[in-house]
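J.: Chain residues, written in single-letter form:
Number of protein chains: 2
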Amino acid sequence: MEISAIVEERSKYLNLLDLVGEEIELKGVVFKVRGLSGFAFILVNAYGTIIQTVYTGEIGETGVKEGCSVVIKGKVSEAKLKDAFVEPKSCEVQINEINVVSSPKELLPFDITKKKLDIGNDLKFDLRYLSMRHPKEKAIFRIQSSLVQGIRSFLIENKFVEIRSPKIVAEGAEGGANIFSMDYFGQKAYLTQSPQFYKEFCVGVFDRVFEIAPVFRAEKHNTNRHINEYTSIDFEFGQIDSFYDILNMEAAMLKHAFEHLKKDVPYELDLLQVEVPDIKTIPALKFWEVKEIIKKEYKIDPKDSFDLAPIEEIKISDYVKKKYDSEFVFITHYPTAKRPFYAMDDAEDPELTVSFDLIFRGVEITTGGQRIHDFDQLVAKMSGRGMNPADFEFFTNAHKYGLPPHGGLGLGLERLTQRLLNVDNIKSATMFPRDMTRLTP
Amino acid sequence: MEISAIVEERSKYLNLLDLVGEEIELKGVVFKVRGLSGFAFILVNAYGTIIQTVYTGEIGETGVKEGCSVVIKGKVSEAKLKDAFVEPKSCEVQINEINVVSSPKELLPFDITKKKLDIGNDLKFDLRYLSMRHPKEKAIFRIQSSLVQGIRSFLIENKFVEIRSPKIVAEGAEGGANIFSMDYFGQKAYLTQSPQFYKEFCVGVFDRVFEIAPVFRAEKHNTNRHINEYTSIDFEFGQIDSFYDILNMEAAMLKHAFEHLKKDVPYELDLLQVEVPDIKTIPALKFWEVKEIIKKEYKIDPKDSFDLAPIEEIKISDYVKKKYDSEFVFITHYPTAKRPFYAMDDAEDPELTVSFDLIFRGVEITTGGQRIHDFDQLVAKMSGRGMNPADFEFFTNAHKYGLPPHGGLGLGLERLTQRLLNVDNIKSATMFPRDMTRLTP
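The listed protein sequences correspond, in order, to chains A and B.
0 is the number of the first residue of the first sequence in numbering that gives the first Met the number 0; add one for each residue after it.
0 is the number of the first residue of the second sequence in numbering that gives the first Met the number 0; add one for each residue after it.
Keep in mind the hints are simulated off the structure, nothing from the lab.
Don't take every hint at face value.
Derived SDA-like pairs (lysine to any residue); straight-line CA-CA distance at most 25 Å [to be verified]: (1) Lys123/A <-> Lys187/B; (2) Lys88/A <-> Glu274/A; (3) Lys261/A <-> Val6/B.
Only chain A is shown next, with the shape it has when bound in the complex (with noise of 0.2 Å):
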């Protein structure tokens, strides 16, 4: 036989509002029965919303329940819906005939149909296969599916290549003890912890270059908000005149997935009442000015002078948003002593670099900066920290060869989804969390 290499338009079913007086036919999986006498209202899980059909008859006589797949005859009307989970709320379907596809073996352990559900964090992810089917639940990943889809769209409209850098390595980009070690046919290797080699080997190819994909940190954390298998969204550009370019470029990045993400899904945002910022220009100020601001107006000074403490970053996100109206704050040239080899210095004071972080609504989602493209001065810096640029001849060799001034960024997908819906811990923005302990589902 021959297959076809067209495929029907599924959007056509998506807006009812459209078809009203029409005859349609609605495959979905039977979300919530409301059986009265004579009829009964079945909500549908279709094509991504819920709809409301009506069932004139016995519904107790055809089988139906909830989590059953169901193919639908009916006609399109005119309605006005009130249940917060229903789109649209304009319509609904009369059903003239319905025939049950597949059937569950037993009901939900929890009722999904409620408008929160509540059955605590640790059920919620044992279960996660189950919960996810919760709207309010799906809405989160919905939403995170569209906002890659928005970065994505921004990267390759600005040339950025998609590369694949491996997941399995000889080197830690980070280095440290924070990385997961396996068996590979009898060597010892590693999983990567960041991309970022593999970045700047293709900025000397490609100019242009983000990945977004999974990377993996064995750090011995158990708070609400790390996880130790996560999604790193990272880009890296040559061509560069200074390292606020960087930041120029998230920062239209990031305006860019939001406006994407309100006419794309609407409807998820509005059931998790997500406020969006809309992002102008971002505050960009310096680590020393911040920890000054923070001394000054809060009255709190940690310890750690090369690093922001979670209560730092949680007041001057307070300070920003009091003085510039900005949700975000770029905070720029930390110490060299807490940045990685490959930062690039600041010309003007060798103790920091040309580095920043992004802060949003409290929580750090971005590290970045330029990088060192010198291959003298890249061996310099690491011989100063007691490295040997032999062991990483493999990277030095790039920088070698010529690589253009660039810098570039990791952002964390999972905290951004979590700052950006304002849910509880990163694991709740994580469709399948790892953390010390959890392994499955």
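Fit chain B to the supplied structure of chain A, relying on the hints for placement.
T.: Using the frame of chain A, we list chain B on its own:
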């Protein structure tokens, strides 16, 4: 300071043809310098292609050499260029001013300006970060990036939601010994072989889902069609009427992706002389029918009666090319014995499954099929195979609480790229390949 959220439109310099007679600024990396008496041609890698610029004066005095990053100010003028790598060929830039922004320490250890990079595969992979700078190597991955984009845009238009399954897992989806293991905070964990279980979970949530992400196979094969870390393009969707819906979706997806390629990367396709198939329909033959054809037409009868040997895949491709003028062929109804426990058996013959492979130019690039959605049927099949369904409760729970009839597939990106571009080895179609002995770069 305030960071703007608007970026300069980079594409304005892409179409030099529109800028003839105008003064422009060009930033890029010097690809080749051809110094002549009193003037020089400088080919510059800029914004995705190689642009010819002309310098009047003694180039030796400027410090410009191959691998330098430069900023050029000049005027676009008409020209007729022949260099295969240069694009556009009908104009060039007359340099008024050229400034060197960064310089390599050394010139590349091989010539990337030659028509073909003939350094052998070992060196090519050892120095991948340099060998990819050759325009033809670079073109492979520029095309691959575009291919992924074409596939993704098809899936998103067709309402598939992008999911993110974990790469560190407690159970392999394929079972067997071909799985990498690791220590996860004192627990034994594995690297995912396939997102299969997670895709099926997510069909119960979103109905249509996809993921394009790395998977890992600890296969001890070192052939030209195996790598140990590859990119799997996975989709899965519900509400199917028959398993042929899945084949139809894949045919449409590939058709869309190939049409996208032709629009997006004509320069690279031309450089590699790629013949992009024009998909109309794709023939589908049943497994036993294929075995008969090969025996009869090619006098080949390999011993494995439940699977196709590589030679059989080559022969059936040849047959289909002649008979149907198609470079693709679906092979359906593989024997139950060789398919995983979650594969749906054929209602007419339980020795067969409603599953398929897709063969492209002699190589299997996809495995897919309809999955069992009914809980009792799944548990019975597992028990019949001597598996303990309780060990897979986290998977079968999704079925217990209701899944629609569904199916999907996994398509190997690198194999697809290799066959499309007709390169010698799957590793040549992998940016940073991993095989039994290769763990770097």
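J.: Now tell me, hint by hint, if it's right for this structure.
T.: Against the structure, the hints come out as follows:
Under the criterion of a C-alpha separation no larger than 25 Å, the hint pairing Lys123/A with Lys187/B is consistent with the structure, at around 23 Å. Proposed proximity of Lys88/A and Glu274/A is supported: the alpha carbons are some 22 Å apart, at most 25 Å. Between Lys261/A and Val6/B the alpha-carbon distance is near 21 Å, which keeps this suggested pair within the 25 Å criterion.
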